[in-house]
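Residue numbers (the numbering used here), protein chains in the order written: chain A, 1 to 479; chain B, 1 to 450.
Take the hints with a grain of salt, since some may be wrong.
SDA-like cross-link-like pairs, simulated, lysine to any residue; straight-line CA separation at most 20 Å [what the hints assert, rightly or not]:
(1) K353/A / E268/B
(2) K170/A / W258/A
(3) K372/A / V48/B
(4) K361/A / E344/B
(5) K257/A / A276/A
(6) K372/A / K318/B
(7) K157/B / F115/B
(8) K372/A / V394/A
(9) K353/A / P365/A
(10) K361/A / K272/B
(11) K196/B / V230/B
(12) K272/B / W258/A
By construction, these hints were calculated from the structure, which means they are not laboratory data.
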Amino acid sequence: MNLREVLHIVGALIIWTAVAMLPPTVIGFTEGLAVHWVLTFGVTASLGAVMWFITPRDVSINRREGIAIVGLGWLAVVAVGSLPFALTGVAPTVASAVFESVSGFTTTGATVFPVIEDLPRSILLWRSITHWMGGMGIIVLGVAILPLIGMGGAQLFRAEVPGIAADRLKPRVATTARLLWGVYALLTVILGILYLLLGMSLFDATNHAMSALATGGFSTRTASMGAYSPAIQWVTIVFMLIAGTNFTLHYQALTGKWFPWIRDAEFRWYAGVAGAAVMAVFLFMGISGEGWILKDAAFNVVAVGTTTGFVTADFGAWPAFCQVLLLGLMFVGAMGGSTGGGFKTARAVVVLKHAVSEVQKVLHPRAIFVTKLGRALIRSDILANVLAFLALYVATHGIGSLLLAALGHDLLTSVSASLAAMSSIGPGLGAVGPASHYGELGSASHIVLSALMLLGRLEFYTLLVLVIPGTWSRWGGDL
Amino acid sequence: MRVVIVGAGEVGYHVADRLSAEKHDVVVVDVLPERLEYVQTHLDVAVVEGSGASPSVMESAGVRDAGLLAAVTSVDEVNLVCCMSVRGGKNLVKVARVSNPDFYADGAHLRPELFGVDVMINPERELALETLRLLESTAATDIAAFAGGAVQLIGLKVTDDAPIAGRTFAQIGAEGGLTSMLTVALRRGDQTIVPKGATEVQGGDHLYIVGTDNTISASLELCGHKPTTVHRVMIAGGSHEAFYLAQLLRQHRGQATMLVKERDRAQEFAEKLDQALVLNGDATDVELLELEGVGGVNAFVALTDHDETNILSALLAKHAGAKQVITLVNRMGFLPLAKLIGLETVVSPRLSAANAILRYVRRGSVTRVATLKDSEAEAIGFKVSSGSPLVGRRLADIEFPEGSIVAAIVRERDVEAIVPRGDDELLEGDQVVVFALPEAVAPVAELFPS
Chain A
1 MNLREVLHIV GALIIWTAVA MLPPTVIGFT EGLAVHWVLT FGVTASLGAV MWFITPRDVS
61 INRREGIAIV GLGWLAVVAV GSLPFALTGV APTVASAVFE SVSGFTTTGA TVFPVIEDLP
121 RSILLWRSIT HWMGGMGIIV LGVAILPLIG MGGAQLFRAE VPGIAADRLK PRVATTARLL
181 WGVYALLTVI LGILYLLLGM SLFDATNHAM SALATGGFST RTASMGAYSP AIQWVTIVFM
241 LIAGTNFTLH YQALTGKWFP WIRDAEFRWY AGVAGAAVMA VFLFMGISGE GWILKDAAFN
301 VVAVGTTTGF VTADFGAWPA FCQVLLLGLM FVGAMGGSTG GGFKTARAVV VLKHAVSEVQ
361 KVLHPRAIFV TKLGRALIRS DILANVLAFL ALYVATHGIG SLLLAALGHD LLTSVSASLA
421 AMSSIGPGLG AVGPASHYGE LGSASHIVLS ALMLLGRLEF YTLLVLVIPG TWSRWGGDL
Chain B
1 MRVVIVGAGE VGYHVADRLS AEKHDVVVVD VLPERLEYVQ THLDVAVVEG SGASPSVMES
61 AGVRDAGLLA AVTSVDEVNL VCCMSVRGGK NLVKVARVSN PDFYADGAHL RPELFGVDVM
121 INPERELALE TLRLLESTAA TDIAAFAGGA VQLIGLKVTD DAPIAGRTFA QIGAEGGLTS
181 MLTVALRRGD QTIVPKGATE VQGGDHLYIV GTDNTISASL ELCGHKPTTV HRVMIAGGSH
241 EAFYLAQLLR QHRGQATMLV KERDRAQEFA EKLDQALVLN GDATDVELLE LEGVGGVNAF
301 VALTDHDETN ILSALLAKHA GAKQVITLVN RMGFLPLAKL IGLETVVSPR LSAANAILRY
361 VRRGSVTRVA TLKDSEAEAI GFKVSSGSPL VGRRLADIEF PEGSIVAAIV RERDVEAIVP
421 RGDDELLEGD QVVVFALPEA VAPVAELFPS
């Protein structure tokens, strides 16, 4: 492990984060927070600059450096990202500032603030910016814009992009990263313009567009999307679904391939699951006398299913059937290659198909079964990786729930909060339901949930490798 | 005509045999001297040792003066390179055997003109198609389609209690049976005859009937068989034939269970064949056959590369109760034996390959050739070309040679098959299916110039 080379790149990422702090700093001057923001920016920028300049310039990244850059880079960025919340004094504790920052960058959207409208506009903008940077990925952004991450870029790319296998749009990974960010930025601008046309203010439109495309969930209102018109909510439903879809497909559509989504097996499952869940909730609510509320059913199911976490209704008060269904959606999450989180549709389908063939194997012991997603063969090593991922997901969720329960939270809160954190949803059920917030949980719970959010966003392997001693040894493979 | 055949394997040998018997000058090219030795001692042909992919070898085989080049080695790439690199006369027709399913995967197809190939043949797929047609009419022993399936030739064994057993063709015709179809040949023992009105049908006879698609089921009943549909088929073997058959079954909504002995091949089949259940095991593993319920399948098809394995596994399946058993037999010497031990339905890759190539030897108006397995009799499809003297003439006025019979006329305009009568007139563009005993093949071909 060449730590100095790693720190060089991490320094660059911190500088980039400092650049992203400039817009809220400008707004900070208008609301009496000039000193706080300048201090924040100065600390961040100089930290990054010091790391950048004291470490060597000529960088070669191999596998272990690549993983360390992604892991340490994320830890560093969420750390400096918490500075605005801490230094402006809006966050009551250090842990809550870290929680808010992690929740932002991991596009979770869980907040510690009970009344959003009380926050300074510079802080609101910063929250949305953290979403937007974390959505497509700070490392993917780094690969796209930092020329020095050329050789090891593929390694970094794979470590950050969620899903079974990161597809490459172009032979060169930097080009791929640039294209993905381009599509992402374009869609964000389109949604922002739609919001403006539907009557949102420029500030709200900017924030919500960034939040929606990142499948984040931070809003500028305590009532979240519930504060806006039905037309805005319907547009948001569509864009949440877009954000939860593999961005490779959007790129193909933009370059003239005719309706590429429907040809993708994972998308068919993703859309099918979302549609079925919306109908199930809608019909169940209607039949059980809670009211025929198609818009609210669609909005909240899609918001949870795509791991965005905007809300328009208190689904914590819905019948138990709907809540259990939502818990299931929290687990499965969005598509691989999207900005969404969760176990990922493709993995869930692959695991189920594999389970079915294991059952068939009882009848036909000599049969050879292969697992396919659409027409793509899932090789046995990838299958093993997916199964291990399932084990990690379940185990981490179990440990997380156990820790939260040990800290004194009730069953529903513990189970749903840890799942909502890992899958980057935002609102859970129980004490952290849509009508509530995460502010009252206490510092210990904030730390536990922050860890869960990071593990879920980076899909375990990248972070867990950092705690294996062999990663840090000078010689490598002595595990 | 000089014919150069590259590859002295099963296919090449059989094609050489047929063409040499038809008085063509045949040169066989192969890399293995012992194969050439065998060919030379059994057939009246010349041999050249060397690779078909080498232009100089092909030059010494006399390809410059040849009318037909048939590259039929078991290696597709050699066949293609051979056709690409030879320099022949401008009348040379180049036929390449391309069998690997990978070349046809996902609806893609090689463009023959890029390789200088006039015709690509795929005997393995032809055989799978033939097997599928046999599966669709369970009782059939032979089957061949003409004019894109509008007309079929089917071989049927007459059961002892069949409605037509013990009657003459005149009687059967008078009672209204077999009106929309035509019995073109009858095989009793070792004898093949073209039946006349007074010929009596007996139980155990083999009838060769030509008819349209929907009349075939009627002929099944007349011969004492019940029509069935294909549901569950067990296929033994990791061959290309087995692969193609599984693919075809899927298109026809049948469920295939495949027995593949080689682990890698089984894995490949499992990956490429979505609906099939692929088992890694030997076709003669009695325990495995029982476990997978071989007795309950509609049909068992043995398509491994080994005749012995095919015959043995087919017998096991038949014994266990499989309703229909189809066996692939390569060696012609095994054919009588297979019949003797009760394996009625046999397919042969040599025949399907030869049929595909013979069509291009009798160039011009010939559209399809099918050879019956037991006899050398052929059903040949001809096209009536625009300048043909046959246009506008009644069948009764055309002198067809002894031992031949017009089995069907397919008229393109309404894509309808006509069971011919003497006063039917031939029109331009008609496809005529003629059934001919070997001695009548050449005279019939002369009637239909290109």
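Status of the hints after comparison with the structure:
Taken as a hint, the K353/A and E268/B pair is honoured in the structure, with Cα atoms around 19 Å apart against an allowance of 20 Å. Taking the CA atoms of K170/A and W258/A, the gap is near 19 Å; set against the 20 Å cutoff, the hint holds. A threshold of 20 Å between alpha carbons decides the hint, and for K372/A with V48/B the separation of about 49 Å lies outside it, so the pair is violated. Pair hint K361/A plus E344/B does not hold up; C-alpha atoms about 35 Å apart against a cutoff of 20 Å.
A hinted pair counts as satisfied when its Cα atoms are at most 20 Å apart, and K257/A with A276/A does not qualify at roughly 27 Å. Taking the CA atoms of K372/A and K318/B, the gap is near 35 Å; set against the 20 Å cutoff, the hint is violated. At roughly 44 Å between alpha-carbon atoms, K157/B and F115/B are farther apart than 20 Å, so this suggested pair is violated. Restraint check for K372/A and V394/A: not satisfied, since their Cα atoms lie roughly 23 Å apart, outside the 20 Å limit.
For a cut-off of 20 Å, the pair hint linking K353/A to P365/A stands: about 17 Å separates their Cα positions. Distance restraint check for K361/A and K272/B: the Cα-Cα separation of roughly 19 Å lies within the 20 Å cut-off, and the hinted pair is therefore satisfied. Our distance criterion of 20 Å between C-alpha atoms is broken by K196/B and V230/B, whose separation comes to about 35 Å. Our distance criterion of 20 Å between C-alpha atoms is broken by K272/B and W258/A, whose separation comes to about 26 Å.
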